[in-house]
Amino acid sequence: MAVKYGKFEMPEKILIDESASRLPTYCRFIAEPFEGGFGHTVGNALRRILLSALEAPAIVGIRFEGVPHEYLAVEGIVEDMTHVVLNIKGALLRYLPSDEEDRSRKPKLITHTLEVTQEDLNAGKGTHIVTLKELMGPSSPYEIMNPDHPIFTVTKPFKKQLDVRVGIGKGYLPSESNTSFEKMIDEIVIDACFSPVRLVNYFVENTRVGQNINYDRLILEVTTDGRITPQEALTFATQIGIQHFQVFAYLKTHELTFDKGEVEANKERDEMMKKLSLRIGEIELSVRSTNCLESASIETIGELVVMPESEMLKFRNFGKKSLTEINQKLDEMGLSLGMDLSKYGISKDNIKEIIKNYLEKNAGTEEK
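According to this note's numbering, the residues represented by the sequence shown are 1 to 368, in order.
Hints listed in this document are in silico derivations from the structure and should not be mistaken for laboratory results.
For each residue, glycine too, the CB sits at the ideal point set by N, CA and C.
Treat the hints with care, since some could be wrong.
Quick list of the computed label-pair ranges, beta carbon to beta carbon [what the hints assert, rightly or not]:
(1) E299 x K106: 49 to 59 Å
(2) Q118 x R94: 29 to 39 Å
(3) D270 x Y172: 48 to 58 Å
(4) S98 x G334: 25 to 35 Å
(5) S180 x T257: 24 to 34 Å
(6) G334 x P147: 35 to 45 Å
(7) I213 x S286: 28 to 38 Å
(8) R48 x I213: 24 to 34 Å
(9) M10 x H244: 16 to 26 Å
(10) A363 x R288: 54 to 64 Å
(11) E115 x G334: 18 to 28 Å
(12) P138 x R48: 34 to 44 Å
(13) K352 x V287: 23 to 33 Å
(14) K106 x V209: 44 to 54 Å
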């Protein structure tokens, strides 16, 4: 049985405050309006998930040939192994595996030989700083976000086999608690900071809806360390939160529907139909993109947005450049490819007929 609830004010779109974006690792998101109190409910939940539940790769172990433990000075290296390990903790690696790429969660071992020649030392006036890029070697599957991060300084020709172990996890994991792999002889296990989010702040302000000012504006500030972007962090955190709330859907005894108000619902549908009924030639697309859509018999924006990206790329002479252009134009209109228009009773099968009927009805109205 369905139970009808009153209307809840909800943000239609998340805004990004471009003026506040100081660095690519920082972003300020603004969402409004929320019902009173929901700004704190949503903001606090997202903050906790962002700080504790996101995954990223980190170096969890290192083995230097001939170095049995970290409390040791190594001939030819200025720093002792304790300082080397501290420097390794500053490594920032990026890796977003898909289901197809990697189903294993076990740490990966990267083995290579690091060699510093006399020519390298001469170029550095007697010393050579080994960077994170050199430590990881040329065959690393990870994107190195700070490749020039210094690890140790060499003062004489150096050649040793290195084994770098990288794991993917969340939060902070002390070395003594890491049981995800079997330690090799002479391997130094390292404390790992997997969390890619450094700081999250949220603020709730009053905002107005009509004459009522008792609604919430949520401002969320996210700072990452570069292994993921703030936009990616918020996207991942949102999906993690949804997954956990879905657990309680099994308790559902009634289906809730929410009153949007007949006038508002009709207005929303009319605004959407005005966009969908626009002809392709009425928006500013390049000649190439326009011709590709015409050859695919796509005449209106409605026929375009019900098409998924994968299907668009199958059209003749339609490439990624045209796809990017169309995505940008649709985003400006608040639309996207592959949109779910089922709440308007619109599907890929009936879009042409619905647009035809809408245009005929409007034409009749104008004549009257």
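Taking the hints in turn, this is what the structure says about them:
{"no.": "1", "hint": "E299 x K106: 49 to 59 Å", "result": "holds (52 Å)"}
{"no.": "2", "hint": "Q118 x R94: 29 to 39 Å", "result": "holds (34 Å)"}
{"no.": "3", "hint": "D270 x Y172: 48 to 58 Å", "result": "holds (52 Å)"}
{"no.": "4", "hint": "S98 x G334: 25 to 35 Å", "result": "holds (29 Å)"}
{"no.": "5", "hint": "S180 x T257: 24 to 34 Å", "result": "violated (46 Å)"}
{"no.": "6", "hint": "G334 x P147: 35 to 45 Å", "result": "holds (39 Å)"}
{"no.": "7", "hint": "I213 x S286: 28 to 38 Å", "result": "violated (45 Å)"}
{"no.": "8", "hint": "R48 x I213: 24 to 34 Å", "result": "holds (28 Å)"}
{"no.": "9", "hint": "M10 x H244: 16 to 26 Å", "result": "holds (20 Å)"}
{"no.": "10", "hint": "A363 x R288: 54 to 64 Å", "result": "violated (32 Å)"}
{"no.": "11", "hint": "E115 x G334: 18 to 28 Å", "result": "violated (56 Å)"}
{"no.": "12", "hint": "P138 x R48: 34 to 44 Å", "result": "holds (39 Å)"}
{"no.": "13", "hint": "K352 x V287: 23 to 33 Å", "result": "holds (24 Å)"}
{"no.": "14", "hint": "K106 x V209: 44 to 54 Å", "result": "holds (51 Å)"}
In summary, the structure is inconsistent with hints 5, 7, 10 and 11 from the numbered list given earlier, while agreeing with the others.
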